[in-house]
Each structure stands twice: as structure tokens, then as C-alpha cells.
Amino acid sequence: MSGQFVAFFILSLLTIGGAVFMISFTRVVHMVVSLGITFLCIAGLFVMLDAEFVAVSQVLVYSGAISILMLFGIMLTKKDDVEPKAHRNKRKLISFLLVAALFVFVFLGIQASPWPNPEAAPQPVEQSNPKQIGLAVFTRYVIPFELVSLLLLVALVGAILMAKKEDGK
Amino acid sequence: MTVPVTSYLLVALILFCVGLYGALTKRNAVIVLLSIELMLNAVNLNLIAFAKFGLHPAITGQIFSLFTMTVAAAEVAVGIAVLIALYRNRETVNVDEMDTMKR
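Those sequence lines, one after another, are chains E and F. Each position in the first sequence, counted from 1, maps to that position plus 1 in the numbering used here. Each position in the second sequence, counted from 1, maps to that position plus 147 in the numbering used here.
Heads up, a few of these hints could be off.
With a straight-line Cα cutoff of 27 Å, these simulated DSSO-like cross-link-like pairs (lysine-lysine) come out [claimed, not checked]:
1. E:Lys91 x F:Lys249
2. E:Lys132 x F:Lys249
3. E:Lys93 x F:Lys249
4. E:Lys79 x E:Lys132
5. E:Lys93 x E:Lys79
6. E:Lys79 x E:Lys165
These are calculated hints, taken from the structure and not from any lab test. As the structure is a computational prediction, the values presented were derived from the model and not from experiment.
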């Protein structure tokens, strides 16, 4: 079954490529579009991991809503903003060293840990993935679910209040 | 033969490191917010990988990643609102010019 490996390779390459292009582009709009590709390919990785419902929410929320919201944010502020090329080189170097140290530490940790054999993973059960998620959300996790809906409502009202023009007063 | 769990963890680690680097070095506040989203997404990928390949595979990881996604959406909405209010008052979106409390 090498088709799975090919799919994983292409999806992870596009994911990482989009993220790296986001770092290297200079125009802000290009950065948002390349990160949109990254979000789409992460949804593909979710499908490979048997999480279809989360993959569809990823496409809806991240590649749909958040990318468009970011584009709106750029259009409403400075729409042709450009990142300066040679700017704050010392700070960039320090950040790079810090991130590289984090990468090496976590990479060594991943390599050293014993992981359960993927062949021993249980085969996907007969129940479909959205049904499983619905059963779990509305029985065991019903209180966090309601709290999250309240959080979304509060964030929405707060965002409208903050972004509103204050001419009325 | 399936893709081992370490490959997924490695992709998530690279995404997290790229997001952290972007959040530390970029000047435009919209891009900093987007880098934070990238880091959250890397964590989601880890959660879902462990929901399938972990020691006790369960649906809980997917539910946690759904909650993370909701909180991330709320964070982006409030963040963009703050940015627009700030741009109206200060005419800038660069994080190194937002230093009123430092002066």
C-alpha cells in the first residue's frame, strides 16, 4: 500500500512548502494565500488520519473563514504593505537560533520515544466518523460544547463592539 | 503498511517551528496573527494523529481539536477587531510601532 505514502508525501510537502513560502514572501497578500494552501493540505492530512468531520470543519473554518477574514483585515488596513528585506537582522538571527534549538530538542524527543506500532491500531469501526463525534459531543462533552458556543457569542459581540466606529457618542 | 506516527509528528513540529519563527520576526500584525493560527493548527494535527495512533485510540482527540478550532476562530475575530480599531487611531499595523505603553 504505497499509495498512502505518496499521498502523505505530496500533502506534507505542500503543507510545509506553503508555510515556508509564507515566511519568505514579501507581499502581505501573497503570504495569506500561501497559508491558505497550507490549511487546505492539513485538511487532506486529517482525511488520511480518519478524521473526516474535522477535515471538513478545517476547510470551512480555516481555508474559508479565517483566510478571508485576514484578507479583509489587510484590505481595511494597509493593502499594499511590504515586509522590508534587510531589517532587524540581529533579532531575526536570535529568533532563528531559538526556533532551531526548539526543533532539535523536540526532534530528538520524538526519535527517542517508543511509539505504539501503527499496525496494531484498531481498524476504523463501522460507525461513521460524524456519528461518533455527534454521540460523544452530545453525551459526554455536552457542557464544554455549550460553553464554547457561549464563548463564540461573547467573542462575536465583543468584536463588533470594538470594530464599530465611535461617532455615535 | 501505514505511515508511521512519527512522520505526522515531524510535519506538525516543522509547522509549529515555522509559525513560531513568523510570530517572532514578522512586522505586520495580521501576519503575526496568521502565524499563531499556524501553530494552533500544528497542535491540532498532533491531537488527531494521537487520536488514531496513540496508546489508547479514542475519538476524544478529534473533539479536542474541534474545540481548539472554535477558540482559534474567536481569537482571530477579536484580533482583527482590535487591529482595525488600532489602525483607526494610530494609522499603523506594525507591531514595533505599537509601543505606547513603553514610552
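Tested hints:
1. E:Lys91 x F:Lys249: holds (21 Å)
2. E:Lys132 x F:Lys249: Violated, at about 52 Å.
3. E:Lys93 x F:Lys249: holds (21 Å)
4. E:Lys79 x E:Lys132: Roughly 44 Å between the alpha carbons, so the hint for Lys79 of chain E and Lys132 of chain E is violated.
5. E:Lys93 x E:Lys79: holds (23 Å)
6. E:Lys79 x E:Lys165: Holds: Lys79 of chain E and Lys165 of chain E sit about 19 Å apart, inside 27 Å.
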